[in-house]
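*Asks:* Sequence:
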Amino acid sequence: MSSDKTGPRSAYSALVELRSTPPHERADAARNRVAVLDAAARLFAAQGVDGVTMDAVAAAAGVGKGTVFRRFGDKAGLAVALLDERERELQEAILSGPAPLGPGPLSDDGVSPGDRLAAFVDAYLDYALAHLDLLRMSETASPGARYRIGAYRFWHRHVALLLTAAAPGGDAEALAHAVLAPLAAEHLRAVVAELGAERARAAAHTVVAGLLV
1 MSSDKTGPRS AYSALVELRS TPPHERADAA RNRVAVLDAA ARLFAAQGVD GVTMDAVAAA
61 AGVGKGTVFR RFGDKAGLAV ALLDEREREL QEAILSGPAP LGPGPLSDDG VSPGDRLAAF
121 VDAYLDYALA HLDLLRMSET ASPGARYRIG AYRFWHRHVA LLLTAAAPGG DAEALAHAVL
181 APLAAEHLRA VVAELGAERA RAAAHTVVAG LLV
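Numbers 1 to 213, taken from UniProt numbering, label the letters of the sequence shown in order.
By construction, these hints were calculated from the structure, which means they are not laboratory data. Hints are not guaranteed to be accurate.
Now the in silico label distances, taken between C-beta atoms and shown as ranges [to be verified]:
id : residue 1 : residue 2 : range
1  : 64        : 27        : 12 to 20 Å
2  : 148       : 26        : 26 to 34 Å
3  : 55        : 212       : 28 to 36 Å
4  : 74        : 110       : 45 to 53 Å
5  : 88        : 28        : 18 to 26 Å
6  : 174       : 56        : 38 to 46 Å
7  : 142       : 112       : 37 to 45 Å
8  : 195       : 48        : 44 to 52 Å
9  : 169       : 126       : 43 to 51 Å
Listed below are the simulated SDA-like cross-link pairs for lysine to any residue, each with C-alpha atoms no more than 20 Å apart in a straight line [unchecked claim]:
id : residue 1 : residue 2
10 : 65        : 43
11 : 65        : 51
12 : 65        : 88
13 : 65        : 42
14 : 65        : 37
15 : 65        : 30
All C-beta atoms, glycine included, are put in the ideal place defined by N, C-alpha and C.
Given only the sequences and the hints, what does the whole structure look like? Please build it.
*Replies:* Given below as structure tokens:
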């Protein structure tokens with residue numbers, strides 16, 4: 001069977017289809033969206049996510065609060081939208097960036113599926129720790145919200161493909177959830193507060209290493 005850098009071509013195509021894509025919208029709607037997201041990013045950085053209201057975001061963006069509520073719903077919706085561009089950057093690096101995170105040759109230059117999995121864990125942790133409050137809000141907006149987010153399905157599929165390549169015969173679909181579990185924002189927030197970011201990172205890598213033995 002023809003294959004790509006991470007698994008069967010059909011599986012790779014499915015991963016491409018799961019990546020986040022920019023919204024298609026009218027020019028005026030796009031301008032309002034950018035204004036709201038820029039204002040939200042500034043306010044969240046200055047005051048913390050919990051200290052900012054939707055009314056304050058609307059005022060800072062120079063739009064009516066109805067516009068903000070209709071477009072984003074609540075602060076969790078704002079968080080998802082703010083994270084979307086960061087997620088797209090990571091997804092593009094995974095799909096087409098240089099190895100070990102991206103799809104460089106898995107054997108010709110010594111980069112294995114396990115190397116790519118370790119690189120993903122590092123890159124995801126860098127992203128998550130930089131936006132932890134926003135990520136936590138988006139993942140805990142409602143019960144099970146984390147698992148319904150399109151980005152989670154992308155991360156899960158990517159990890160499952162790498163596990164399939166690294167350890168054929170294992171239950172890659174189930175084990176991919178095990179890899180992603182310690183990367184949940186709520187979990188990371190608690191562990192980092194108690195043990196620090198480096199120990200949280202080391203623990204995540206230990207989980208991955210145990211699956212590849």
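*Asks:* Looking at the structure, which of the earlier hints fail to hold?
*Replies:* When the structure is compared with the hints, numbers 3, 8, 9 and 12 turn out to be violated.
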